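S.K.: Each chain, written out:
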Amino acid sequence: MQMMKKIGRFLSSMQFAVILLVILAATCSAGSFIPQGQSYEWYAAQYSERTAALIRWLYLDDAFHSWWFVLISAFLCLNLLLCNLLRFPQLVRRCRREADPAQFFGGLAADGIADPGVFFAAMHFSGPKPAVTREGRERLFARRNLAGLWGAWTCHLGILLLIAGFSLGQLTKKEYTVYGVPGQTRQIGDTAFFLTIDDFTVGLREDDTVSQYTAEITVTEDPERSGRSEARRESAEISVNHPASLFGMKYYQNSTGWAAKVHITQNGQDLQDVVLCAGEYVPVENKPELVILLNAFYPDYVKDEGGMPKTASGQLRNPAYLYTVYYQGSVLGMNVLLQEEELTIDDYVVTFSEPQNYTLIQIKKDSFISLALAGGLLTMLGLFLAFYLLPAKACAEKAEDGSWRVTAEGSKGGAIFREQFLEAVRKAGGTAGVADRAEETEPTEKTGEAEETESTKKTVEAEVAESTKKTVRPK
Amino acid sequence: MNEQMLHIENTLFTVVMILYFAAMIFYFLFIAARKEGLARLATCLQAVGWVLHTCALVSRGIGAGRLPMTNQYEFATSFAWGICLVSLVFILRFSFPVLGAFASPVMFVIIGYAAMQSREVHELMPALRSNWLGFHVSTAIIAYGSFGVSFVLSVIFLLRDRMTGRGFLDRHIPDRGKLDIISYRSIALGLLFLTFTIVTGAIWAERAWGSYWSWDPKETWSLVTWIIYSVYLHLRIRKGTEGRAAAVFAVIGFICVLFTYIGVNTFLPGIHSYA
Chain A
23 MQMMKKIGRF LSSMQFAVIL LVILAATCSA GSFIPQGQSY EWYAAQYSER
73 TAALIRWLYL DDAFHSWWFV LISAFLCLNL LLCNLLRFPQ LVRRCRREAD
123 PAQFFGGLAA DGIADPGVFF AAMHFSGPKP AVTREGRERL FARRNLAGLW
173 GAWTCHLGIL LLIAGFSLGQ LTKKEYTVYG VPGQTRQIGD TAFFLTIDDF
223 TVGLREDDTV SQYTAEITVT EDPERSGRSE ARRESAEISV NHPASLFGMK
273 YYQNSTGWAA KVHITQNGQD LQDVVLCAGE YVPVENKPEL VILLNAFYPD
323 YVKDEGGMPK TASGQLRNPA YLYTVYYQGS VLGMNVLLQE EELTIDDYVV
373 TFSEPQNYTL IQIKKDSFIS LALAGGLLTM LGLFLAFYLL PAKACAEKAE
423 DGSWRVTAEG SKGGAIFREQ FLEAVRKAGG TAGVADRAEE TEPTEKTGEA
473 EETESTKKTV EAEVAESTKK TVRPK
Chain B
179 MNEQMLHIEN TLFTVVMILY FAAMIFYFLF IAARKEGLAR LATCLQAVGW
229 VLHTCALVSR GIGAGRLPMT NQYEFATSFA WGICLVSLVF ILRFSFPVLG
279 AFASPVMFVI IGYAAMQSRE VHELMPALRS NWLGFHVSTA IIAYGSFGVS
329 FVLSVIFLLR DRMTGRGFLD RHIPDRGKLD IISYRSIALG LLFLTFTIVT
379 GAIWAERAWG SYWSWDPKET WSLVTWIIYS VYLHLRIRKG TEGRAAAVFA
429 VIGFICVLFT YIGVNTFLPG IHSYA
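Protein sequence lines, in the order shown, are assigned to chains A and B.
Counting from 1 along the first sequence, just add 22 to a position and that's the residue number in the numbering used here.
Counting from 1 along the second sequence, just add 178 to a position and that's the residue number in the numbering used here.
FYI, nobody ran anything at the bench for these hints, they're computed from the structure.
These numbers were taken from a predicted model, which means no experiment stands behind them.
Hints may contain errors.
Said to hold, decoys possible - Derived EDC-like pairs (lysine to aspartate or glutamate); straight-line CA-CA distance at most 20 angstroms:
(1) A/Lys420 x A/Glu63
(2) B/Lys356 x A/Glu441
(3) B/Lys356 x A/Glu445
This is chain A alone, in the form it adopts within the complex (with noise of 0.2 angstroms):
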């Protein structure tokens, strides 16, 4: 049992945080230095046979992926949630110790302030409000930020969302692409919707550069498939930062390249008509161990110093396919065949025409999106509460001789709301300063990242009694 205690006090410590902040950070390095997904051959070609073996013995090809990255990252969020646990109720309790003005412990003290308000409009606090001790002495209580004790909480609980987001949507995302030219209708993957490319336009600039690449889609279900009575159809516009939403999936304007038709005749007949996207083949309808294989595609075809092919620019000047002809799965030839050439192989005639723009739609359905999305936004606003809502109190209470004793704490801030009393006590016209925080705070919870180093506190009562004495002068 005490074992399991250790064990459950280690995995929520912040020492543990640490260690797997650290390791996270070392292996994303990596992750980021190695290339991914790339084969044993290529690293051993790009490093040496050793390396190749340790990349892939330590699964740095898929380091993002792989069984010890996700097991950081899991160890990671148990972190974050015991931690997140545990210090709930503590700070509940805290929080509702911090709003008493009865329980008020007081860190930085002054006496002979003649005004408690200027001290309270000095140090930023609104509308104190009359209280009193548990001793029944009457007091001035004001206190603000109280909501930035919540701040690390909030982060954790943030990035636990994110991962969780994330991971979730890893696991259970569903993605899918589909190209063609306008016209064509294809599949989405396996599912029940057919996806129609009705217009794709790519916008350019004078100068020749693209300003933005448009397809306008149709996404039909088919009735069959999806067991409805009738066929659903929906339209809409997509473009590079305008993806749009069809029947629960998001459609995104990905990428672009060069497509053609290819016509093949035989003895001066027509026998096939096809548009190939740069990168496809097409078997010879009626000798499939023939295909014709489209390369690439050259607008505006030059030959650079070593010969080899290329493009001048993006405009249609000089349309040039590169293309490879395989019988039975061996090269028969491979060339360049410009705009009206005609290629012979045997009886059949093979040419290329009509270049246009094709288009490459990316569809994804990632139902945990928000999740992550939630995460990030508490994440951010958990830094923002941690950071800049300072939480603190100060309270007056009035001395016999008519003056009054003034006390602040900040849980955050250190020498800075220090410096700040000091000159709040200075303004309110305080007549000396003592700092007392030994004998009057009450031991408090760590709460995270914003709090005050423990070196800071230390010397906190020796340097304001000094520089009370020296900053704040007798009225």
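Mind docking chain B on chain A? Use the hints.
M.R.: Just chain B now, with coordinates in the frame of chain A:
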């Protein structure tokens, strides 16, 4: 494209470089000659430089007809602008001119790096034509500027004991406790804005690329930077470290910032390769 505005930007950029250089020299003279008037002059030069730098960025924005945040030159000059702004705020807020003596060389090196980049104005590719560009890059500028200042503060923190013991610097360099708090404030600002950068970038990436996180090198190194500064925050509240370990992590954090900005583009091209 407005050529006249781009010409104005070019001239202003040169003036800004001269002003930042002059500010750096006067900050050094302030420490060497121990005359506080020189620090005030240096701060004034830095402030004037920042105002003109703002004008230069506005001119470039008008000249290019878009936000000047889309290539190495534009981001580098904005990065220097961010460091200048944050360091000015901290110098004035905490009456800490020595910070200027350490921040101005960093600022000058970064604006010098900007000067070495191509200043040609290119039209934006479709993926960059988004309202998210402004949010994403401007938050990165503030984040990087803050981290630059926190780096300088952490260096001062680590060197403080060697520099003090001489009356003049003792008066002008805050004690470790205050240095730690100022550095923490700077990192707090930086981390908050870096989180904004990552979240707005993720939202934008989801719309532009169909994936809000792709483990692209730029994304990954932003995450690494975020993690390093998170470690800083955790180490800072740990007993017994007296801020030294945290300060070391703040220095490592800024090295990560520089690598994210320059190193990733140089060594690890990805889908952010235009940035």
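S.K.: So, for every hint listed, does it hold in this structure?
M.R.: The hints, checked one at a time:
1. A/Lys420 x A/Glu63: violated, 82 angstroms
2. B/Lys356 x A/Glu441: holds, 10 angstroms
3. B/Lys356 x A/Glu445: With Cα atoms ~16 angstroms apart, B/Lys356 and A/Glu445 stay inside 20 angstroms; holds.
Consistency with the previously given hints fails for number 1 only.
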